[in-house]
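Participant: Given chain A, put chain B in place with the hints provided.
Residue numbers (this note's numbering), protein chains in the order written: chain A, 83 to 458; chain B, 219 to 833.
What the hints contain is simulated information worked out from the structure, not anything from laboratory work. The structure displayed is predicted, hence computed values, not measured ones. Possibly wrong hints are sitting among the right ones.
[What the hints assert, rightly or not] Cβ pair distances, simulated, as ranges:
1) B:704 to A:286: 35 to 45 Å
2) B:339 to A:103: 48 to 58 Å
3) A:279 to B:252: 17 to 27 Å
4) B:381 to A:381: 49 to 59 Å
5) B:339 to A:134: 16 to 26 Å
6) A:167 to B:756: 39 to 49 Å
7) B:823 to A:291: 43 to 53 Å
From the three backbone atoms N, C-alpha and C, an ideal C-beta is built for every residue, glycine too.
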Amino acid sequence: MSLNTTGSAREGAFVFGQGLNWFLILTVFLLGLVGVGTLYSAAGGSFDPWAWRHGVRLIIGIFLMLAVAALDVRVLYNGAYFIFGGLLLLLLSVQLFGDVTMGAKRWLDLGIVTVQPSEFIRLGMILALARFYQSIHQDVVSHFQNLFVPALIILVPVMLIINQPDLGTTIMLAVSGIGVLFLAGLNWRYFAVGAVAIVATVPLVWQRLFDYQKERVLVFLNPERDPLGAGYHIIQSKIGIGSGGMFGKGFSEGTQSRLNFLPEKHTDFVFTIYAEEMGFVGSVLLLVLFVLLLVQLAFIANQMRSQFARLVVAGIGFSLFVYIFINLAMVMGLAPVVGVPLPFISYGGTSMLTFLISIGVVLSLERQVRVEMSRG
Amino acid sequence: MLKNRSRPEVMAGFEDDATTFTRRGLVLGVSQVALFSLLAGRLQYLQVARSDLYATLAEDNRVNVRLMAPPRGNIFDRNKVKLADNDQDFQVVLIPEQAGDLDATVEKLSRLLGFSDRQKKDLLRRARRGPKFRPLTVAENLSWETFSQVNLNLPFLAGVQPRVGDRRIYSYGDATAHTVGYVGTQTQRDIEVHGNAPANMVGRSGIERYFEAALRGEAGVRHVEVNVHGRTVRELAFDPGQPGADIELTLDIDLQKFAHERMAGHSGSAIVMDTQTGDLLCMVSTPAFDPNMLSQGVDAKSWNEMVGHERKPLMNKVLRGQYSPGSTFKMLVGLAALETKVITPDEPIECTGMYSFGGEDFHCWKDEGHGPMRFEEAIAESCDTYFYEIARRLGIDNIEKMARRFNLGQPTGIEIGGEKTGIVPGRDWKRANYDAGWRTGETLITGIGQGFLLLTPLQMAVMTASLANGGLIVRPRLIKNTELVSPVPIGLDPQHLALVNRAMYKTVNRPKGTAYDSSILINGNRMSGKTGTVQVRRISKDERESGVLANKDLDWHLRDHSLFVGYAPHNNPRYAVAIVIEHGGGGAYVAAPIARDIMAELLRNEDRVRRGEIS
Numbered sequence: 083m084s085l086n087t088t089g090s091a092r093e094g095a096f097v098f099g100q101g102l103n104w105f106l107i108l109t110v111f112l113l114g115l116v117g118v119g120t121l122y123s124a125a126g127g128s129f130d131p132w133a134w135r136h137g138v139r140l141i142i143g144i145f146l147m148l149a150v151a152a153l154d155v156r157v158l159y160n161g162a163y164f165i166f167g168g169l170l171l172l173l174l175s176v177q178l179f180g181d182v183t184m185g186a187k188r189w190l191d192l193g194i195v196t197v198q199p200s201e202f203i204r205l206g207m208i209l210a211l212a213r214f215y216q217s218i219h220q221d222v223v224s225h226f227q228n229l230f231v232p233a234l235i236i237l238v239p240v241m242l243i244i245n246q247p248d249l250g251t252t253i254m255l256a257v258s259g260i261g262v263l264f265l266a267g268l269n270w271r272y273f274a275v276g277a278v279a280i281v282a283t284v285p286l287v288w289q290r291l292f293d294y295q296k297e298r299v300l301v302f303l304n305p306e307r308d309p310l311g312a313g314y315h316i317i318q319s320k321i322g323i324g325s326g327g328m329f330g331k332g333f334s335e336g337t338q339s340r341l342n343f344l345p346e347k348h349t350d351f352v353f354t355i356y357a358e359e360m361g362f363v364g365s366v367l368l369l370v371l372f373v374l375l376l377v378q379l380a381f382i383a384n385q386m387r388s389q390f391a392r393l394v395v396a397g398i399g400f401s402l403f404v405y406i407f408i409n410l411a412m413v414m415g416l417a418p419v420v421g422v423p424l425p426f427i428s429y430g431g432t433s434m435l436t437f438l439i440s441i442g443v444v445l446s447l448e449r450q451v452r453v454e455m456s457r458g
Numbered sequence: 219m220l221k222n223r224s225r226p227e228v229m230a231g232f233e234d235d236a237t238t239f240t241r242r243g244l245v246l247g248v249s250q251v252a253l254f255s256l257l258a259g260r261l262q263y264l265q266v267a268r269s270d271l272y273a274t275l276a277e278d279n280r281v282n283v284r285l286m287a288p289p290r291g292n293i294f295d296r297n298k299v300k301l302a303d304n305d306q307d308f309q310v311v312l313i314p315e316q317a318g319d320l321d322a323t324v325e326k327l328s329r330l331l332g333f334s335d336r337q338k339k340d341l342l343r344r345a346r347r348g349p350k351f352r353p354l355t356v357a358e359n360l361s362w363e364t365f366s367q368v369n370l371n372l373p374f375l376a377g378v379q380p381r382v383g384d385r386r387i388y389s390y391g392d393a394t395a396h397t398v399g400y401v402g403t404q405t406q407r408d409i410e411v412h413g414n415a416p417a418n419m420v421g422r423s424g425i426e427r428y429f430e431a432a433l434r435g436e437a438g439v440r441h442v443e444v445n446v447h448g449r450t451v452r453e454l455a456f457d458p459g460q461p462g463a464d465i466e467l468t469l470d471i472d473l474q475k476f477a478h479e480r481m482a483g484h485s486g487s488a489i490v491m492d493t494q495t496g497d498l499l500c501m502v503s504t505p506a507f508d509p510n511m512l513s514q515g516v517d518a519k520s521w522n523e524m525v526g527h528e529r530k531p532l533m534n535k536v537l538r539g540q541y542s543p544g545s546t547f548k549m550l551v552g553l554a555a556l557e558t559k560v561i562t563p564d565e566p567i568e569c570t571g572m573y574s575f576g577g578e579d580f581h582c583w584k585d586e587g588h589g590p591m592r593f594e595e596a597i598a599e600s601c602d603t604y605f606y607e608i609a610r611r612l613g614i615d616n617i618e619k620m621a622r623r624f625n626l627g628q629p630t631g632i633e634i635g636g637e638k639t640g641i642v643p644g645r646d647w648k649r650a651n652y653d654a655g656w657r658t659g660e661t662l663i664t665g666i667g668q669g670f671l672l673l674t675p676l677q678m679a680v681m682t683a684s685l686a687n688g689g690l691i692v693r694p695r696l697i698k699n700t701e702l703v704s705p706v707p708i709g710l711d712p713q714h715l716a717l718v719n720r721a722m723y724k725t726v727n728r729p730k731g732t733a734y735d736s737s738i739l740i741n742g743n744r745m746s747g748k749t750g751t752v753q754v755r756r757i758s759k760d761e762r763e764s765g766v767l768a769n770k771d772l773d774w775h776l777r778d779h780s781l782f783v784g785y786a787p788h789n790n791p792r793y794a795v796a797i798v799i800e801h802g803g804g805g806a807y808v809a810a811p812i813a814r815d816i817m818a819e820l821l822r823n824e825d826r827v828r829r830g831e832i833s
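Extracted from the complex, chain A is given alone in its bound form (with noise of 0.2 Å):
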């Protein structure tokens, strides 16, 4: 790292395609083609009903994603709190307005895409909480009275989706939030307390949880528990990636995932398709494809030069992972059914907005990598 780097006053300007990263929007752009191919399979062959929207939710996200790009990160850093804060705001008012509207408490209509703000305020927490640590000095970040507003800033969002009956989205939420704590250099000892602590409660979080949940983590444990009810998910994934051997039956030729055997092949099974058709050799690529996402995130990481960028760029990069793995652990029978998309091949609006968005943010920063801020 060079120490002889001068910011100048126009460092954040931005012209046209100046400073970004062109390899990892295509990174991102070849696996939003890859959900747009296997939704069509999906589909039996047909780009109605899911692969047009995927495609065109993907051209409208990396154009936010460059708009998003184009920010000064002056802005970002500025408006964290104010970002988190607005994101909070509208999750609270699609609460309330939920009930109005009936039935759809979590959606926000917007035309072409319903928005779930639970899913955004994910990003929102990552810049609310690397703005807080920015603002502290290293030697303090585990000093006690520094572990409030960092616990707030996770656990009032959490707190604010746990109400509404979704898991997925409320788990990889306080996953992100902790990840980011982790990469900020919270004590060991901290990581230790907590992980005793969830221990010690989940008896209460078992009490809690719907009873479609518990049959999820009980089926879990033994599929065969219940082999065509909630265990056939899982029974049938395995068998759709399972018969698609070492190179698959080709694209748009499978058979178990068409056959609707598998209700959410569209959404958070749509890798049991891609494996099936694609099959070993294809599968393998794929998880280079996301493994090469992931590299570049944590390259750029480390080259940010705040503990600002860096912690936003992690935390984003650390999100990502979470939901790559834990949807395709889900699908391989490795993880309870718990409702996580695959980023950008899952079909869903808001999944493939945020995380485009997240992406437009680390452009942001990588492009401004000269801009340097104080901290403590």
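Facilitator: Chain B only, in chain A's frame:
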């Protein structure tokens, strides 16, 4: 703060941060690599090591499990008349993949269904565009004739399947809209709340909503064998599931319908309740809506119109409307006064049409005054001055205590949710909500049932039942087999109650009573009751001097609420009635005649049943 930094001492700190960060990042990175290797290993296991096994399983994976929605339970009235049931909905679906010559099939099908050219083209376009294996709904709500024609021609219609779906029918439409409620199609959120079992419909309000669990039943399962293309070869097993349970209500649909029709044009509530069991024989909220229409789904515009409508057709006013009870509350104030002995039944209080207190004038509804008033006449003629005076003697605490003993300010405990609690004001309430002390002027206003005091129509009905049944609080009951809870005695002096009952008798049956025009005599039975007129606007001093505006000269939303509570038969009360007409005008002119007609209908029917004319 942000700045472009070049000072070396800050640099040192920055290096430290970066080291910590890099170390932690490395830990996470290594774990991620390990976990990704795990995934790759798993893929290798599934797709390479065990791929033969899974390929075989896939070959055998021919058993397709289809969950089927169970029929939803029916809803009946107390005499087993069906209020909500399921109608078969005849549909025709087309599976393009199985059609063979798609054009020919569509052509034949269109002729059978009497499709226009445009409909035909539309169907063809839909069949070509979507996934080929997915069944396409061609037509719904077919007549039996058309449906059977399609069935007859099935051998010549490859890929066409007849299907029988469910549709909810409410035979009495608007009349039961709020009580029975309506259903809607299942949404993602319903699945999260009620589980993944399929259901044709999910209750959205009323009984349909609050008894969803009982009505929906359990899904049936059909195991069918399919070939590699997903076509059904044969059915292997069939479990019909558990149909939803039927529910019997305490409503009497004839009375309900009568009341609903009698309330036409008004916005309000009408309740008839059994004074002993709490059974609700009729529970009407107007204006209503057509639940059949809402169950089919309405467009956003009509929905918004209903939501925004001044008379709130979607709201069940019986449970959710809150109104000052006005003079219908005077019985409770009277009982409190007798019990605390601030008045005797015979002590006269002079009414001059106006009562001055603390520099303020409180008006009686009768400008020229009632003259000397005693307990029974004061209720029968609804003298406000009398009640200003005894309210002053009582103080708010005693009034509040009596209201609370009647369980006002609390939910009545009816089986369907969404009930409002109303407001019983007092010193603590005022402090908590207005951060101000209680004023004696407010006691006087509460004494005539106005001011902060709010009750739901259902609470008024329960209150009236308590006055009629010798002082017991009953819990309203809408479901016939809800267990009866034993009524809670309020602990009133029977002599005091007798006085109040006599006064309520005089209100309706003596020429000077405010509801004399609404008296009835059916087979020796009469009705007792009390009118109420609730002012919803402030009458200024200027207006008093120039003459108070009549209700008919005011905008609808400024007119008085019209109330009546009562019971019959007068000497052996079995039914309590409560009527609230929003902005209807005087209680005696609008609410009382409605109560009279409903009660007369009920007693007449009962008489006919007794004489064996109808069953």
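Participant: Determine whether the Cβ-Cβ distance between residue 823 of chain B and residue 291 of chain A falls within the hinted range of 43 to 53 Å.
Facilitator: 52 Å, holds
Participant: Starting from the range 35 to 45 Å, see whether the pair residue 704 of chain B and residue 286 of chain A falls in it by beta-carbon distance.
Facilitator: Holds - the Cβ-Cβ distance for residue 704 of chain B and residue 286 of chain A, about 38 Å, lies within 35 to 45 Å.
Participant: Is 17 to 27 Å right for how far apart the beta carbons of residue 279 of chain A and residue 252 of chain B are?
Facilitator: The hinted range 17 to 27 Å holds for residue 279 of chain A and residue 252 of chain B, with Cβ atoms some 25 Å apart.
Participant: Could you tell me whether the CB distance from residue 339 of chain B to residue 134 of chain A stays inside 16 to 26 Å?
Facilitator: The hint (16 to 26 Å, Cβ to Cβ) holds, given that residue 339 of chain B and residue 134 of chain A are roughly 21 Å apart.
Participant: Within 49 to 59 Å or not, the Cβ separation of residue 381 of chain B and residue 381 of chain A?
Facilitator: 57 Å, holds
Participant: Take the C-beta atom of residue 339 of chain B and the C-beta atom of residue 103 of chain A, compute their distance, and say whether it sits inside 48 to 58 Å.
Facilitator: Given a distance of about 49 Å, which is inside 48 to 58 Å, the answer is holds.
Participant: The hint says 39 to 49 Å between residue 167 of chain A and residue 756 of chain B; measuring C-beta to C-beta, is that right?
Facilitator: 42 Å, holds
The structure fails none of the hints (numbered hints given earlier).
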